[in-house]
Amino acid sequence: MTRHISPDERLPETPSQTAGPYVHIGCTPGFTGLSMAWPDAGAQMKTGPVKGREITITGRIFDGMGAPLRDAMVEIWQADADGLFAAAHEARGEADRNFTGWGRCATDMETGHFRFDTVKPGPVPWPDGRLQAPHITFWIVARGINIGLHTRLYFDDEPEANAADPILNRIEHRDRIPTLLARGDGAGAYTFDIHLQGPQETIFFDI
Amino acid sequence: MSASEGAGEGGFIPRDRRWQPDALTPAYKTSVLRSPKAPLLSFPTSISEETSPVFGHDMLGPLDDDLTLNFAQDGQSAIGPRIVVQGRVQDEYGRGIAGALLEIWQANAGGRYRHVKEGYIAPLDPNFGGCGRVITDDDGRYTFRTIQPGPYPWPNGPNDWRPAHIHFSIFGHAFAQRLITQMYFEGDPHIPLCPIVGSLNSPAAVDALTARLDMAQTIPMDARAYRFDIVLRGRRQSIFENRPEGM
Ligand SMILES: [Fe+3]
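Sequence order for the protein chains is A and B. 25 is the number that the working numbering gives to position 25 of the first sequence; each next residue is one higher, with no gaps. Whatever position you read off the second sequence (first residue = 1), add 207 for the working numbering.
Calculated directly from the structure, the hints in this document are not laboratory data. Hints may contain errors.
[Said to hold, decoys possible] Here are the simulated distance ranges between beta carbons: (1) Asp429/B to Glu54/A: 32 to 38 Å; (2) Gly93/A to Ser249/B: 26 to 32 Å; (3) Gly122/A to Ser249/B: 24 to 30 Å.
[Unchecked claim] For the chain A half of the interface with chain B, some residues (derived, Cβ under 10 Å), not all of them: (4) Gly20; (5) Lys51; (6) Gln132; (7) Asn146; (8) Leu181; (9) Glu201.
[Stated by the list, open to error] Covered stretches of chain A, as calculated for chain B (at least 3 residues, CB under 8 Å): (10) 75-86; (11) 119-129.
The beta-carbon is built from N, C-alpha and C at its ideal position, and this holds for glycine as well.
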């Protein structure tokens, strides 16, 4: 028996609450020194030799006074070098078996840095079939953040793809686009700082 | 998977930002410097948000879902009121979400966390670590065993105490569904006093995070049961009850 459920019967999404100062106990127990049975999930994005260009992404998250958050947790989610996701929903082909596409990192308790050892993602399609520029989804939680913040990292060495990207094209305040661009050093090391407030406030998404 | 159920078919329903807490809630002081000021940029979900890593039951150890035992010495267990927490993870259409990963963390029965930054004078329990994880079954149901955490003071106002709570991190089938929240306990007098609970915009939202004592599921002479159901965002498409979500 099937029954169509109309939109007005929808249940409300569970409300968010801050991850608080001790998010690492639950999400990166090894980072906190808990001698539990499992390795920290998301710590290794590469499980063997990977396709494509290997890169690193490092950065910090700054509050409205310019201080780095030293108690945050960052997650990233991205396609592999061919633009395929290691996901159940990926119907376009099989993603690189040695690449999870998902990373999780606690910011350093002293310096506030996060770091991901990953690969440069390939382009993936927009719902209308156009290609999006290579990008990485970021999700940030911490004490003082009531609901996780979504943003995207784009690459400053992809000017043509960025110029054609459906989302970057829709941003009215063009001077804010650099807040979404990771700066590469030409050798595979990218820097991506996130500003929660202030003149350089990162563009956050309601997706 | 048929093409009609593949990614890109029907984006996720946008979050109701009036229902979800605001970024800036001044009574919760840390939010003042950590809340973005500019409006969020809205756009429809694409495959980047409609996909998510897959977590299999094979990643779990036998005690991952038992916080009374997973840090305890052999033959011992954590101190505190023994409880099981049970519920169903579902989407906005009430469809169970199979394979959802729940990661949980909490203070011990005295209200103290096992963390280097923790400063509360309540003692550590040598048999309690405070983290666990569980993956939902084919119908979206989960259960884990723990001890009821204690309320604890925190530096915000001059005398703020958190109600007893368990933190939940939830992975559904899409990064668009990613959620972290806290579960409270029915009847706790600290709930209406807490500035973090106060970040919620309505009594109904507080109610949605309040677990109910479930005597029918209580394990006699062992552990009381609390029920906490979780709702993640749903996809905008024709929904039929007998089609498992995301399969
Ligand atoms: Fe807490």
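TODO: Starting from the hint list further up, note which numbers the structure goes against and sort them upward.
DONE: 1, 5, 8
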